Amino acid sequence: MDADLIVLVLFAAIKTGTPLLLIALGEVICEKSGILNLGQEGMMLMGAVVGFIAAYSTGNAGFGVLAAMLMGSFMSLIFGVLVLHLGANQVATGLALTIFGTGLSAFIGSDFVGHTVQGFQPIAIPLLSKIPYLGEILFNHDILVYLSFVLAVIIAYVANKTRIGLVLKAVGENPHAANAIGIKVLRVRYLAIMFGGAMTGLAGSYMSLVYTPMWAENMTAGRGWIALALVVFASWRVGRIMLGAYLFGFASIMHLVLQGLGVDISSNLLAMMPYVATVIVMVIISADQFKEKLLAPRSLGKPFDPRHMA
Amino acid sequence: MRIKSLLVGLGLLVGFGMAGVSTAQAEEPFKVGFVYVGPIGDLGWSYEHDRGRLAMQKYFGDKVKTTFVQNVSEGADAERVITQLAKAGNKVIFTTSFGFMNPTVKVAKRFPNVIFEHATGYKRSKNIGTYALRTYEGRYVSGVAAGLMTKTNTIGYIGAFPIPEVIRDIDATYMGAKSVNPNIKLKIVWANTWYDPGKETDAANALMDQGADVLIQHTDSPAPLIAAQKRGVRAIGQASDMSKFAPKAQIFSVRDHWAPYYIKTVQQVMDGTWKSQDFWGGFHEDMLQLASINPNLPKSVRAKIDETYLAIKTGKLKPFEGPIKDNTGKIVVPAGHTLTDKELAKVHWYVDGITDKVPN
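Here the protein sequences line up with chains C and D, keeping their order.
Here the working numbering is used: position 262 in the first sequence is 262, and no number is missing along the way.
Counting from 1 along the second sequence, just add 1000 to a position and that's the residue number in the working numbering.
Derived by calculation from the structure, the hints in this document are not laboratory data.
In this text, all values refer to a predicted model and were calculated from it rather than measured experimentally.
There's no promise every hint is true.
[What the hints assert, rightly or not] Output of the computed footprint for chain C on chain D, the stretches with three or more beta carbons under 8 angstroms from beta carbons of chain C:
id : segment
1  : 1041-1052
2  : 1177-1186
3  : 1214-1227
4  : 1349-1359
[As the list claims (entries may be wrong)] Calculated from the model, a selection of chain D residues having no Cβ within reach of chain C, i.e. all distances over 12 angstroms:
id : residue
5  : Lys1031
6  : Gly1038
7  : Lys1151
8  : Lys1230
9  : Pro1247
10 : Thr1273
11 : Ser1276
12 : Glu1285
13 : Val1301
Ideal Cβ placement from N, Cα and C applies to all residues, glycine included.
All chains, full assembly: derive it from the sequences and hints.
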């Protein structure tokens, strides 16, 4: 492999990792508040289809992104009402949301199959893109990739360094204690869920406007699930999510690159690397009971009812 | 109509797992079922089967009622779906993917009065017929076009799974390209999926990163063409007309055209003249077409494409006519012999000159 090819592969790894990064950034906030939303795939597809329809109808990809984010948070709002207000099981509701989103996106998108949109063009950032190698890998992308860089930094800062981050943590670790000191637990959780939905919608529009500028049924092909694994892989740390997203992206294109180079290694074996990595991390985390408690939000997946003390 | 089909689809979703179902008409006549591996919106393989179904439906009108199930995964799910269709009173069931072979055989044993037609497979019985496209004819022409258009002498090929149909097409592509360009190289990448626009894009980019400047795909979405157009290289459309996704990049699309076969077969079953057979259709039967040939091709390239197409259509040119050596040096087709359909269905070697190994 020569240097040029390595640059191209790393460039592609960033692109491939971006939708995973966007979803995982939203989901980690959601999970920090104690809510596990398995509906990522359904929300992503809805974001993809609505984003595509909006961009196709208005001719403006920016509208598409906005519409996708609104759709994503609307979908997650449905989820929020079910699990927060009606106390539905989070796992079952999340799965239902995925099945629902998959079917509904196929239905509303059927008239838009077979079209393509202009989408976003790559923008080379002045000066930065001139840095040898690094510039080509990092600063020759489209605007949504840059947005994901910025969002990752903001989210890491907010989650770790601000009062909002502490409130989120309190709600996710011990909602009853948070409630006792006057934090509106349900409101915080609603906001976290809807933020997660908007991020997933954004990831969906990245798929249908940038990555493969078209709409096709089920076009996200399981990326929502990989992003869920990524959150666990990163053990709920934003910095690690970024690293993990590109690692997953790298692994998922590496097997294609190696085949093109004629390396004789089973492509199936390589394609499962991200999943193997996730399982290994989960084993490491859960091997140490104390560590597990430190990492995962303690009330993750548990419903909260202020009338019943834990 | 659309709302209704959605409701039916939602209702059956539970029973069929991730598969969705639509019913096309409300009368009670001759029932025909279809099972698709992808969504009909894939704009490739399943989309063309569905176009064939619609054309057949239109031809027979009220006399026929068709049902299709899309997104059926190859395996246990397929068996359940096929059984369901047989139980629902369908007289003919078309199972349209290679991986439906064993489920089709299993279900056919339990429903001896139902006729099953399995696409691209090789297991037949009293009530199972098979049918296939001579896609290798289209590949040979694709190879010729790619061999003439490439500047880097490198063709990128995205394969789905290493089954005989795909291997055979890779061979035909290479032989076509080699016939016009002796320095041609073929880079093959396996996507391990029939349909995943994202992964197909990744595969296309991986090939272009390594110097391929004409892409040929044996996967079903138009994503590789879009990727090719973005980077200013050429590509050939698969299964359906993909020109509108990448008008500049597309050289042409090799389009599947199933309607004549579906009409013929349903008529035969209605008349009671149906017999289990292995049917192959290509350019000659008009079941394979060159769609939307790019008007901006150099004249000489266009002429060569037309010439090759005609030669294959009239039987003057047979891609798998001996002598052919595989890439280990073994003679796989002796001189004076042309592979029979039976032999074509079992091709599992790369032709001399391809530097890869057939995956297990």
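Evaluation of the provided hints:
1. Judged by the Cβ-Cβ criterion of 8 angstroms, the segment 1041-1052 of chain D is covered by chain C as claimed, because 3 of its residues qualify and three suffice.
2. Under the rule that three or more residues need a Cβ within less than 8 angstroms of chain C, the assignment of the segment 1177-1186 of chain D is violated, with 0 such residues.
3. Counting residues of the segment 1214-1227 of chain D whose beta carbon lies closer than 8 angstroms to any beta carbon of chain C gives 5, which reaches the threshold of three, so the coverage claim holds.
4. For a cut-off of 8 angstroms, the count of residues in the segment 1349-1359 of chain D with a CB near a CB of chain C stands at 4, and the three-residue condition holds.
5. Its beta-carbon lying about 24 angstroms from the closest one in chain C, Lys1031 (chain D) satisfies the requirement of being farther than 12 angstroms from that chain.
6. Distance to chain C contradicts Gly1038 (chain D) as a non-interface residue, since its nearest Cβ pair spans about 8 angstroms, not more than 12 angstroms.
7. At roughly 17 angstroms, the least C-beta separation between Lys1151 (chain D) and chain C is larger than 12 angstroms, which holds for a residue marked as non-interface.
8. For Lys1230 (chain D), the non-interface assignment is contradicted: its Cβ lies about 9 angstroms from the closest Cβ of chain C, within the 12 angstroms cut-off.
9. Chain C draws Pro1247 (chain D) into its interface by the beta-carbon criterion, the shortest separation being 10 angstroms against a cut-off of 12 angstroms.
10. Every CB of chain C lies more than 12 angstroms from the CB of Thr1273 (chain D), the least distance being 37 angstroms, so the non-interface label holds.
11. Chain C leaves Ser1276 (chain D) outside its interface by the beta-carbon criterion, the shortest separation being 34 angstroms against a cut-off of 12 angstroms.
12. Listed as a non-interface residue, Glu1285 (chain D) keeps its Cβ farther than 12 angstroms from every Cβ of chain C; the least gap is roughly 26 angstroms.
13. Separation of Val1301 (chain D) from chain C is adequate, the least Cβ-Cβ distance of about 25 angstroms exceeding the 12 angstroms criterion.
In this structure, the earlier hints numbered 2, 6, 8 and 9 are contradicted, and the remaining ones agree with it.
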